[in-house]
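Novice: Those protein sequence lines, which keep their order, are chains U and A.
Per full-length UniProt numbering, the first sequence starts with residue 1, numbered consecutively.
Per full-length UniProt numbering, the second sequence starts with residue 1, numbered consecutively.
By construction, these hints were calculated from the structure, which means they are not laboratory data.
Just to be clear, a hint being listed does not mean it is correct.
Unchecked claim - Where chain A lies over chain U, by a calculated footprint (3+ residues, C-beta under 8 Å):
1) 90-104
2) 132-140
3) 204-211
4) 228-239
5) 259-272
Stated by the list, open to error - BS3-like cross-link-like pairs, simulated, lysine-lysine; straight-line CA separation at most 30 Å:
6) A:471 x A:537
7) A:64 x U:56
8) U:278 x A:471
If you're wondering where the values come from, they're calculated on a predicted model, not measured in any experiment.
We put the beta carbon where it would ideally sit given N, CA and C, even for glycine.
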Amino acid sequence: MGMNAQGSMAFPQVWHPQTAAEAWHLKQSFGTDSVYVSGGTLLRTQWESGVAAIPKHLIDLSAIRGLGEIRIGETGLVIGGQVSLEACRTHPIIQRHFPIVTEALRQTAAPSIRRLGTIGGNIASNIGDSLPALLGYNAHVVWYNGMEDLQITLSEWLKIAGMLHTERLLLQIQLPFQADETLEGHEVEHLRSVISKTKRFSAYHKVGRREAFTPSVVTASVSGSLSEKKEVNEIRIALGGGQMIAQRLEELERELLGKVIDVQLLRHVYNRIMQLYKPREDLFASVSYRKTTAAHLIASELWKAAHQ
Amino acid sequence: MLLNRENSGSRWRIRPDGAGKVTGGLVYLTDMTAQPMLYGLVLRSEHPHARIISIQTERAKQHKGVHAVLTHRDIPGLNAFGIAHPDQPVLCADTVLYVGDALVAVAAESMELAQEALELVEIEYEVLEILEDPEKALLADAPQLHKGGNAMHRTAFARGDVDEAFKQCAIVVEETYYTPRQMHTYMETEGGLFVPGEDGRLTVYSPTQHGFMDRMQLARILAVSLEQIRIVSSPIGGSFGGKDELNVQPYGALLAIQTGRAIKMHNSRQESVRAGLKRHPMRMAMKTGVDAAGRLLAHQVDILSDTGPYSTLGAEVLNFATEHVIGPYKYENLNVKGISVFTNNGMSGEFRGFGGNQAIFALEGQMDRLAERLGMSPWQFRKLNMRQKEDLGPFDQPIAMTEGAERVWTAVEKSRLWQEKTLLEQSAIAVSTDPWLKIGIGAAFTMHGAGLGVGIPDPAGGRLQLAADGKIEAVFGYEEFGQGLLASLEQMLIEQFGFGAADIRMIIGDTDIVPDSGSTTASRATAMMWKSLQRLKKPFTDQLLKEAGAIMGCQAEELQLREGGIGKQTNDQVLLSYADLASKAIFPISSETSFSFPTSPTERVGAHFMYTYSAVVVKVELNTLTGRVKVLQQYHAVAAGPVINPQGYLGQIEGGSSMALGFTLLEDAVMDKGHYMTRNLDTYLIPTIADQLGLVEVEPIEHLPEQDEYGPRGIGEVGSVTLAPAIAAAVRQASGKWVTKLPIEPEFLQETPFFLTGASGNDRT
Chain U
1 MGMNAQGSMA FPQVWHPQTA AEAWHLKQSF GTDSVYVSGG TLLRTQWESG VAAIPKHLID
61 LSAIRGLGEI RIGETGLVIG GQVSLEACRT HPIIQRHFPI VTEALRQTAA PSIRRLGTIG
121 GNIASNIGDS LPALLGYNAH VVWYNGMEDL QITLSEWLKI AGMLHTERLL LQIQLPFQAD
181 ETLEGHEVEH LRSVISKTKR FSAYHKVGRR EAFTPSVVTA SVSGSLSEKK EVNEIRIALG
241 GGQMIAQRLE ELERELLGKV IDVQLLRHVY NRIMQLYKPR EDLFASVSYR KTTAAHLIAS
301 ELWKAAHQ
Chain A
1 MLLNRENSGS RWRIRPDGAG KVTGGLVYLT DMTAQPMLYG LVLRSEHPHA RIISIQTERA
61 KQHKGVHAVL THRDIPGLNA FGIAHPDQPV LCADTVLYVG DALVAVAAES MELAQEALEL
121 VEIEYEVLEI LEDPEKALLA DAPQLHKGGN AMHRTAFARG DVDEAFKQCA IVVEETYYTP
181 RQMHTYMETE GGLFVPGEDG RLTVYSPTQH GFMDRMQLAR ILAVSLEQIR IVSSPIGGSF
241 GGKDELNVQP YGALLAIQTG RAIKMHNSRQ ESVRAGLKRH PMRMAMKTGV DAAGRLLAHQ
301 VDILSDTGPY STLGAEVLNF ATEHVIGPYK YENLNVKGIS VFTNNGMSGE FRGFGGNQAI
361 FALEGQMDRL AERLGMSPWQ FRKLNMRQKE DLGPFDQPIA MTEGAERVWT AVEKSRLWQE
421 KTLLEQSAIA VSTDPWLKIG IGAAFTMHGA GLGVGIPDPA GGRLQLAADG KIEAVFGYEE
481 FGQGLLASLE QMLIEQFGFG AADIRMIIGD TDIVPDSGST TASRATAMMW KSLQRLKKPF
541 TDQLLKEAGA IMGCQAEELQ LREGGIGKQT NDQVLLSYAD LASKAIFPIS SETSFSFPTS
601 PTERVGAHFM YTYSAVVVKV ELNTLTGRVK VLQQYHAVAA GPVINPQGYL GQIEGGSSMA
661 LGFTLLEDAV MDKGHYMTRN LDTYLIPTIA DQLGLVEVEP IEHLPEQDEY GPRGIGEVGS
721 VTLAPAIAAA VRQASGKWVT KLPIEPEFLQ ETPFFLTGAS GNDRT
């Protein structure tokens with residue numbers, strides 16, 4: 001009763017731990033009465049719609065040292081989980097080396113929300129718009145398990161998202177540079193001659209119900225390279241959208257390696273996406289629409305890579 | 001000439017309420033507070049249809065900080081409201097008919113305490129079978145929601161014999177069209193401040209489109225005289241028809257009277273969705289036939305409208321739809337039937353376009369299908385069947401004659417966008433680098449009635465007076481809800497009288513001060529202000545000049561009004577300021593006028609007399625991979641007499657068309673078993689600026705016949721009417737598919753791409 005009124009006015013206690021360990025301990029002691037919060041933009045919508053209750057304790061991660069910056073690490077770019085979506089979107093190294101991440105963030109929410117919302121929160125939601133783009137670059141995540149920092153691929157992190165306890169505390173995202181981006185001198189010269197004959201491609205699509213500030217119906221990314229003969233050298237395909245946990249289609253990726261992009265292969269891509277992609281239905285878009293759309297988008301990008 | 005800043009020159013003015021609105025400095029009525037003040041909340045039904053067994057409020061009454069808990073037993077007067085047919089209970093006693101039905105109102109010292117009190121109210125229901133399909137609601141064994149049955153209102157208009165005529169037709173097109181439950185989505189949700197005075201009077205600060213109507217309805221509920229209530233109703237953060245009917249006012253008023261304290265109410269968005277009005281979802285079955293030359297011989301229409309649980313203006317909306325499914329064309333034989341049906345869905349009611357949007361989507365769909373079957377240009381086909389200047393209106397009623405129809409038709413025919421359609425047909429335009437993107441262009445036409453129509457009281461009028469401080473006061477009973485009413489009034493006073501902006505004080509929206517100028521609805525306010533000023537110009541100017549002449553010792557004929565005061569015609573100087581005139585004048589200077597919106601000499605209830613003619617050409621891009629449609633460009637031609645305020649005119653057409661874009665591509669307040677599934681703006685999506693980036697051109701056609709005495713026609717609604725069928729026509733060109741249901745489902749427009757079928761991309765045009 002009364003759900004029609006102004007919403008229940010709970011005022012949670014907000015904690016500001018300085019380290020991951022402190023945050024972890026707070027979460028351990030408050031248990032399900034608490035949630036980690038960064039920008040709070042997604043949580044706010046869940047409270048408003050009644051999907052989740054406002055918890056008694058909010059554990060604010062923004063004060064944890066070292067999570068608010070983007071730096072160049074040994075093997076790639078390291079993005080702290082507390083970096084805002086807007087700071088990621090406008091970061092020159094991300095724009096240059098990971099353009100589909102920039103594109104994904106351009107299409108995420110609205111400017112005011114991107115300034116509050118963080119990349120860590122977007123990932124931890126399991127349904128964030130950035131996920132297919134990050135999967136496209138084989139991103140890794142670093143998380144804290146109460147004792148130590150652990151690193152796994154984002155793809156693995158998402159696979160166990162449904163099973164693992166919600167307390168796992170995301171610290172960083174690592175985006176590996178492409179092999180040629182870390183080399184120097186004569187090695188580069190040699191590689192360039194090989195690279196010049198291959199064609200790199202990448203694309204990100206978000207299909208929502210309107211042109212901006214929209215929940216996604218389908219998010220899709222594809223990236224890879226083709227040989228001169230239009231054979232697939234490398235490929236990553238990632239899909240998400242709606243309430244579905246984003247996923248890489250690794251089975252399909254393996255099937256495509258070494259194959260020439262032609263009508264037959266594109267049909268295969270279409271058919272396999274229809275089988276492998278498992279989006280969830282809601283009031284606004286059917287499963288079959290989501291599947292068809294994802295299959296069309298991925299196949300169209302492969303067609304473009306081969307023909308344009 | 002296109003309407004834009006450049007072409008408008010000095011007539012392009014900054015609106016007087018602009019700065020306050022863009023800076024956030026303006027105080028809306030729902031921003032107001034009083035000290036001390038209580039918060040009012042309403043408990044609404046959990047079920048879309050149930051019998052009320054008991055309402056227990058004891059625990060709520062004992063809760064701390066609670067000052068009043070009201071039920072139906074606490075209503076001194078009529079426990080019902082509704083502008084035309086008061087059949088909606090203020091607080092339900094026996095049954096609830098939708099999820100917005102109110103049961104209990106509470107006032108408490110804080111919002112939290114009021115909320116807690118609502119949670120302590122215990123209501124026992126017996127859940128009843130719900131009616132969610134208006135078709136099923138008409139079956140003989142359906143539960144009856146009202147004593148008079150579920151058929152709230154029926155309409156019929158017939159001429160000749162359509163059955164016989166269809167036999168003579170060379171081509172007959174039959175189609176059924178469906179339109180969505182669109183939400184007004186004003187930025188400011190319903191609310192207000194209700195202040196009981198020491199004199200026993202009640203002041204209501206709450207947005208509405210007709211203050212005097214609210215006063216009458218509230219007096220009836222409170223069982224007090226009209227004079228006991230003062231309604232202050234502007235400024236308003238958007239309405240679009242949605243705040244025309246009472247919403248929170250009965251509860252705020254009852255709680256204020258009961259507690260003797262000021263009451264603040266302000267709906268959350270979720271409560272606004274749940275209780276508020278929506279556009280009537282309609283199903284329109286049409287059968288239309290032509291002879292081999294393309295002349296319309298027969299038109300048969302069956303309208304089914306879901307009006308929800310109570311009447312408000314559902315009958316009037318159906319009357320309007322019935323008139324507009326006939327619209328701007330001539331038919332030898334006609335048979336139109338409409339029915340508006342009570343259901344347990346959300347409340348349907350008044351909404352910009354007022355049934356015209358649904359009607360024209362269907363009617364123009366028929367015209368495009370017939371033209372295509374005939375192999376004719378859709379625009380030539382319309383011309384062939386269009387009402388001419390001397391013709392009667394849709395209900396065969398006399399109407400104010402203009403050349404609007406023909407001039408709008410010609411403007412579209414000559415427009416660059418329409419010419420581009422022909423080039424597209426001839427494939428003379430290069431295909432996109434992404435061959436799955438397809439372009440289409442379509443157009444649609446309407447004549448849209450203004451005013452409430454025959455048989456409904458439709459008063460108009462206003463007052464001009466010189467205030468003691470020398471301000472020229474323009475006093476009207478109209479409302480400013482963002483449409484630019486104040487800007488239009490100011491511009492008319494400057495241009496028609498010669499006043500400066502600083503000389504003027506505009507007073508609106510306060511029943512203690514303003515005359516009853518009628519409602520600010522039905523595209524009528526600007527036309528009625530214009531007419532009022534026409535009538536006031538001579539008497540008010542004469543009074544000012546006569547009084548000034550007496551003071552200055554000269555003849556009134558030697559003088560004229562100008563910015564800052566009065567001067568002689570022989571030079572540019574101001575010789576007597578308005579302030580000096582006010583302080584020295586012996587008699588009060590004031591002129592008032594009252595009249596009625598002009599109506600057609602017919603018996604037909606709801607028939608209109610004054611029409612705006614308009615058409616739009618729209619260019620869309622369809623992505624066949626995703627089925628999504630993007631509007632690229634629009635050209636509107638609008639024949640509505642003189643442009644009073646260029647910026648306001650443009651704003652109304654652009655704003656109306658963006659609402660229509662939502663209606664066509666996005667918006668539907670989805671209901672399931674009587675409950676809203678789209679409870680907030682994260683699921684009920686309206687267009688963002690990114691959805692309407694394309695160029696919108698507006699061409700006003702100002703021409704009126706020389707003898708015309710009615711001046712500007714309404715433009716408040718017409719921008720929202722034609723875009724849907726035009727987009728549907730454009731989609732037809734892009735995809736080869738006919739859209740019959742709005743909003744357009746992307747899934748319906750997806751196509752298997754050529755690269756999967758083996759066809760080459762370049763062959764696919």
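Novice: A separate judgement is required for each hint: does it hold in the structure or not?
Specialist: Here's how the hints hold up against the structure:
Look at the segment 90-104 of chain U against chain A: 0 of its residues bring a Cβ nearer than 8 Å to a Cβ of that chain, fewer than three, so the hint is violated. Restraint check on the segment 132-140 of chain U versus chain A: 0 residues with Cβ-Cβ distances below 8 Å, three needed, restraint violated. Taking a C-beta to C-beta cut-off of 8 Å, the segment 204-211 of chain U contributes 4 residues in contact with chain A, enough for the three needed, and the coverage statement holds. Counting residues of the segment 228-239 of chain U whose CB falls under 8 Å from any CB of chain A gives 0; the rule of at least 3 is not met.
Only residues whose C-beta sits within less than 8 Å of a C-beta in chain A count toward coverage, and the segment 259-272 of chain U has 4 of them, enough to reach three; the restraint holds. At roughly 16 Å between alpha-carbon atoms, residue 471 (chain A) and residue 537 (chain A) fall within 30 Å of each other, so this suggested pair holds. The straight-line distance between the Cα atoms of residue 64 (chain A) and residue 56 (chain U) is roughly 23 Å, inside the 30 Å bound, and the hint therefore holds. As the CA atoms of residue 278 (chain U) and residue 471 (chain A) are separated by approximately 69 Å, the hinted pair breaks the 30 Å bound.
The earlier numbered hints that this structure contradicts are 1, 2, 4, 8.
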